[in-house]
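K.L.:
The residues making up each chain are set out below.
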Amino acid sequence: MAENKRIDQATGTQTVGHEWDGIEELDTPMPRWWLWTFYASIVFSIGYVIVYPAFPLIHDSSKGLWNWSSRGALEKEIAADAARKAPILSAIAATPIEQLPARPDLMRAAVQGGAAAFRVHCVQCHGSGAAGSKGYPNLNDDDWLWGGDLKAIEYTITYGARNPDVAETHAGMMPAFIRDQMLSPAQVQDAISHVRVISGQEKPSASARRGAQVFADNCAACHGADGKGLRQFGAPNLTDGIWLFGGDRAALQETVGGGRQGVMPAWGHRLDPVTIKMLAAYVHGLGGGEATPAPDAATQTAEATPQGTPATPTTQ
Amino acid sequence: MTDQSKTPGFYEKRKAVFPKQVDGPFRRFKWVVMAVTLAIYWGTPWIRWDRGPHAPDQAVLVDLANRRFYMFSIEIWPQEFYYIAGLLIMAGIGLFLVTSAVGRAWCGYACPQTVWTDLFQHVERFLDGDRNAQMKLERAPWTLGKLWKRLRKWAVWLGISFLTGGAWIFYFADAPTLQHDFWTGQAHFVAYATTFLLMMTTFILGGFMREQVCIYMCPWPRIQSAMLDEKSLIVTYKHWRGEPRSHGKKRAEEEGEAFGDCIDCLQCVQVCPTGIDIREGPQIGCITCALCIDACDKVMAQIGRPRGLIDYATELDCEKEMRGETPTPVLRTLFRPRTLVYFGIWAGIGLAMLLALGNRTRIALSADADRNPEYVRLSDGAIRNAYLIKLSNMESRPRAMQVTLDGLPGGLMWAEGGTRDQAARTIRFDVSPDQVRKERVYVVAPASGAAREDFSFTLHAIDSPEESAQDEDSFVRPEAGK
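So the protein sequences, as listed, match chains A and B.
Numbering-wise, this note's numbering puts 193 at position 193 of the first sequence, and it's gapless, one number per residue.
Numbering-wise, this note's numbering puts 238 at position 238 of the second sequence, and it's gapless, one number per residue.
Same shape as in the complex, but just chain B (with noise of 0.2 angstroms):
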């Protein structure tokens, strides 16, 4: 039989990661990053973008009530939702193209599960010391001492959770508006309950999941592994070169021992917020945030080798390195024929994004024709179609707009409430900013004529004419005998 003390069991206990303070490159990139995405979180809601009288005033907006997506100078509407997906499908390519060329850097360095989880542990070593000081403390027993830097750690966790949670709300309404509502008790329920809730998830993720949300929740580390190749710059240590470890070169020199670079002071499993090993390979815990590359370019100076023996590196340049030939120059392994690719399909549905935004038009026009009667025989013998059509303003101000028959010869149309004696060949409708107005209308033609006749209904802003939309549709008569 197995020995059982060594059989893992059904569940396991996570172990608790007290990553160390570091310093260095990677460490200043990773403050400048979390500064970054964390005043772009907080701070997008409270841009102001001046749209006129009839639009909200806040530049990022998502109107979920009246179901706009406001952008800065773009207005998206519901119908214009593949401009959305474009951006998703861009935010896609982009992650291959960023994850081709290195590696998971999304991860490392901007995943807000990341930015949250670095942010909380900022505020773990701020109140409760360094990886030494924290791991005294877990281990010390439950005194009032311990359960007041407990709940002080916790409060102030819930306090930036809860501006996280609260920081989302505002970007589905007018953010200045919305927080004197929140604060007074007028906001909505959803306001808070969304508030509430994101601000648990931040707490929890943040503060007691970390790395099992990229170890077991999240599926982006299992996709990232997939599109790395050979030519992907990952934090990797040089074991040919660390190895093997000695624990003082003195002493291995004077036993005349092989050492290699690695002192084994596991410096770089002491910062690592996953708590992982990273020179037992690349593996799924690691989040590439290259702290460990701090940290032992530190050590390295210390001993007086080379920095880099932990270090972003391709596999096939460690293979060269290995061989002892000279690696791929970083610019040659960033632009290859892949990350070209991936760019050039980036870049070509932004750009044509661009282009159809800024030529697309802002009204439009949709006609349904009635089915149910498909045609209706007047008195004089004329024939009746009915047509309901939908006239889009994606302006924010008042718009008058003339609908035109184009084909049908003899047709005339009225609308809904009108009389057929004010029937014409075009009518004139005023939209209001930013709606679509729904009209009935009477298009009445000679009964002579085919079964089935295509024309279209030509839709013309009225201060610009250039502007118009068309959609096609067909008049019924009743067959030859009816």
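With the rest of the complex left out, here is chain A (with noise of 0.2 angstroms):
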């Protein structure tokens, strides 16, 4: 084969010795200066094998004279990130929640310090996008058991509701009225009836008006005489259009019969006081927040400022 090579006469070049149905292929030398660049490329390897991690160990690799690795970089680099936001953080532990919405640089570091925190902790039970499922609250509506605006939330997290382990946790259950013979199951459809109608959900009936003497009797010392609700107890607004547990009679006839105690963890003794606080403005965040009430306003109605303190006489 090698004996085939010949001068190509037009190109005045060696043909590579070999053919292919008449076809030859010309062996063009590589210029020089190509073969200097290969070497010099082959003498940097050499100092990156040196200086950089390259060969495999047993158990390890080598490690190379800068000691560099992924991991080394990655922790140098979260570590350059917590310096950055140290002061942030600082920053927001020093304020008190309620006068974040002053800060809006601060505001808007929390709120993307509590969607981080809330991917982590939160998701399991009130979803991705805080939208809740049956039994756990969507974050996202103007509709709060135990209060809406950033201070609420905030003990909200940081207590949990029903806890049993927590002295400060909100307290306040529906109880179990067919499963305790507290009520009648007929007693209670009638009850069931009355509730419906005053949310809008069913037209007035004789079984609804039998009921609004059993909810006055049974219910009204929680949800109030209005059906409204009371924040103290996280007794639900009966009257609106969320029903946590289902609107329908049959979910109804199962939240009044068998009760219901949904349980929400405290936070506090899991998480720094910093980040309940960003999730406070997190989930404040989510368009259902409320304004922080005027301290010289707790007298106003319960329509105006549904708020966690009992200033309203009206349960009675």
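Please keep in mind that the hints were generated in silico from the structure rather than gathered at the bench.
Being a predicted model, the structure only gives us computed values, none of them experimental.
Just so you know, even glycine gets a beta-carbon here, dropped at the ideal spot from N, CA and C.
Please note that the accuracy of each hint is not assured.
Now the stretches of chain A that chain B is said to cover, found in silico as 3 or more residues with beta-carbon under 8 angstroms [said to hold, decoys possible]:
id, region
1, 29-42
2, 122-132
3, 140-151
4, 240-253
5, 280-291
In silico DSSO-like pairs for lysine-lysine, Cα to Cα no more than 30 angstroms straight-line [to be verified]:
id, chain 1, residue 1, chain 2, residue 2
6, A, K203, A, K151
7, A, K134, A, K203
8, A, K151, B, K438
9, B, K136, B, K231
10, A, K5, B, K15
11, B, K20, B, K146
12, A, K85, A, K151
13, B, K320, B, K136
14, B, K13, B, K149
15, B, K298, B, K20
16, B, K390, A, K85
17, B, K438, A, K85
18, A, K5, B, K13
19, B, K20, B, K153
20, B, K238, B, K20
Now that you have both chains on their own, put them together as the hints suggest.
P.N.:
In structure tokens, the structure reads:
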């Protein structure tokens, strides 16, 4: 094969010496500088191998002179990021949560930090879009069991709801009226009729009229005579369009007959106060957050300031 | 076995080229092109262009940090990058046009590699003398004198290279500021690194690699060779006129031999910046700088023969001339269907871009609906959707804009941070100059209605209501029974 090498007349270049159906290939010499570039890259690679991790060993790899590792690089980046955030976090820590909205830069950082923490700690129950599901409140809406201003949300996250381990936790529960034989099934059906009338889901009926009395005797203590709920007990507003466990007859019968005790964990001993503050800011910013009530306006009606503090003696 | 001395090795050393000084129309044209291109390159960043207090006053600026491209009165945002794409397509078609008409004119006159190599060769000739002196110096042993001459030449080359690399960075930042920062050591590391990198590539490619770039590295010679046809004007040696070569007319006449116009004086080879022999026919190394035409014309004048033994000619004309026919007039060659079609496409794209640039709105709106959750039921039963809207003010002055709900009966909206009792059909926003304002907007509408109701957000500039933008979206409601 090598014997077939010949100098091509037109180009003066040698052929590689093989022929494919009459087609030959020129063996054009490479420019010398190309060779030197190749050698230079070999030299570079030697330096690279010495300086950076290169050779696989049994448990590890060679470390290289600069002791570089991707883990180490990541740690450095994380440390740099933490250092960058530190002043903002300490400023958030030093600011009472109701004053955060006055500091838009801190508020923005808090909402972003809260969004990140929410994805880690809260999505399991409330969902990644905070839209909740049956039994787990939707945090985007304007309906709050325990209060929807920044301070109230911070309190709820810190101490949770119906949490046996925390003294400050939100208390109040829905009794099981049938299971505990407090009401007869017929009375419960009447009360449900009444609730569905005041929430606009049914037309008034004889059952509902009977139910109004049942409601006044058994339910109004927590839900209020008008059924608008009471945040002190986490008793939901029964006249609105939002139903945590469902607003149809079957769901209501289950709720009234068997009771409900939804639990929210207390995060005060698991997360640091700054993270809780940021979570509260994030949840408040999801679209339903309520304004912080002015301190001197605590005696306004429950309608205007739906706040957890029982300033309205309208329950009985 | 083959003769080893004749066998080329695997690798070939670069044969040094020492192009000789030449004068003539093409050389003078090259001088003009060089002066113009270098003036454009070095001068452009220093041209000022007043855009008001909110925008840079540099006429041509590629502001990578803020993702803006300024070119005189045109400002381009990243999403308008198709204008740059259009410009590149125009450059491509323009190259087709030029190549099909006059061959590798780009390579020969305007390519930076050609311009800077040419500049470096002038420096070389100025310092070390013309071809023969340079060859002598190359062969001379390394004495102190030679070392001094070499260092002197490299120093001037490095100086030019530094200015070349240094000028590049001015296209990416305010030139006077950057120049001040550069010399006082306050410029960004990238500025120094870029300058150094381009300085070294200019020094190496212009000083040492030269024609190797054209022959081995650059893809254009291949592409352009493929775009030539038999009607393209290329630098051609008219072999039917030149051959057989004689080494002296008189001697050839005395000996009664046939002879052509070529006297094998090798002037065409000596002036060639890529060191080829044009008499071997068209080849990849020929950048069609036409310096050999200048050189040969001079010789033809001296021996009393008509000019143009080496000349711009088309393959077809060469065949005609060989048969003794008159060649096609140059204008007919230049204005033929192929070039006219290229020109038409080129001009069409240019006009379309000009029209588009003239008519583009400088405000824009885009709205993206929240997907998680798609909708939220509010306590009064109404349904709320959320949208992230982006309002772009592409002018360098602050502008007030108004977003309006178009469609969605009963729908009201408010911006994040506000409350529902502020809800309205329109919201007014002030957008800073040259900025995109992002706002989350809540839209609330009655629960009764289609599960997916189409509507749009409409944006108007308050100072000129005819300027508007629109983005279609849909309002999502829970399906019946939920």
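K.L.:
If a hint holds in the structure, say so; if it doesn't, say that too.
P.N.:
Going through the hints against the structure:
Evaluation of the coverage hint for the region 29-42 of chain A: fulfilled, as 7 residues show C-beta separations to chain B shorter than 8 angstroms, against a requirement of three. With a threshold of 8 angstroms between beta carbons, the proposed coverage of the region 122-132 of chain A by chain B holds, since 5 of its residues qualify and at least three are required. Here the region 140-151 of chain A counts 4 residues with a CB under 8 angstroms from a CB of chain B, which clears the bar of 3, and the coverage holds. Residues of the region 240-253 of chain A with a Cβ under 8 angstroms from some Cβ of chain B number 3, which satisfies the need for three, so the listed coverage holds.
Only residues whose C-beta sits within less than 8 angstroms of a C-beta in chain B count toward coverage, and the region 280-291 of chain A has 4 of them, enough to reach three; the restraint holds. At most 30 angstroms may separate the alpha-carbon atoms for a hinted pair to count; K203 of chain A and K151 of chain A exceed this at roughly 39 angstroms. In summary, the hint linking K134 of chain A to K203 of chain A is supported, as the alpha carbons are separated by about 26 angstroms, within the 30 angstroms threshold. Between K151 of chain A and K438 of chain B the alpha-carbon distance is near 27 angstroms, which keeps this suggested pair within the 30 angstroms criterion.
Only pairs whose Cα atoms come within 30 angstroms are accepted, and K136 of chain B paired with K231 of chain B is rejected, the gap being roughly 43 angstroms. Between K5 of chain A and K15 of chain B the CA atoms are separated by roughly 25 angstroms; this keeps the pair inside 30 angstroms, and the hint holds. The hinted pair formed by K20 of chain B and K146 of chain B meets the criterion: a straight-line CA distance of about 20 angstroms does not exceed 30 angstroms. Only pairs whose Cα atoms come within 30 angstroms are accepted, and K85 of chain A paired with K151 of chain A is accepted, the gap being roughly 23 angstroms.
Note on K320 of chain B and K136 of chain B: the hinted pairing is violated, with a Cα-Cα distance of about 44 angstroms set against a maximum of 30 angstroms. A distance of roughly 24 angstroms separates the Cα atoms of K13 of chain B and K149 of chain B; the hinted pair therefore holds under the 30 angstroms criterion. A threshold of 30 angstroms between alpha carbons decides the hint, and for K298 of chain B with K20 of chain B the separation of about 14 angstroms falls inside it, so the pair holds. Between K390 of chain B and K85 of chain A, the direct Cα distance comes to roughly 27 angstroms. Compliance with the 30 angstroms bound is thereby established for this hinted pair.
Between K438 of chain B and K85 of chain A the alpha-carbon distance is near 23 angstroms, which keeps this suggested pair within the 30 angstroms criterion. About 22 angstroms separates the Cα atoms of K5 of chain A and K13 of chain B, which keeps this hinted pair within 30 angstroms; it holds. Distance restraint check for K20 of chain B and K153 of chain B: the Cα-Cα separation of roughly 17 angstroms lies within the 30 angstroms cut-off, and the hinted pair is therefore satisfied. With a CA separation close to 22 angstroms, the supplied pair K238 of chain B and K20 of chain B stays within the 30 angstroms bound.
Taken one by one, the earlier hints fail for this structure at numbers 6, 9, 13, listed in ascending order.
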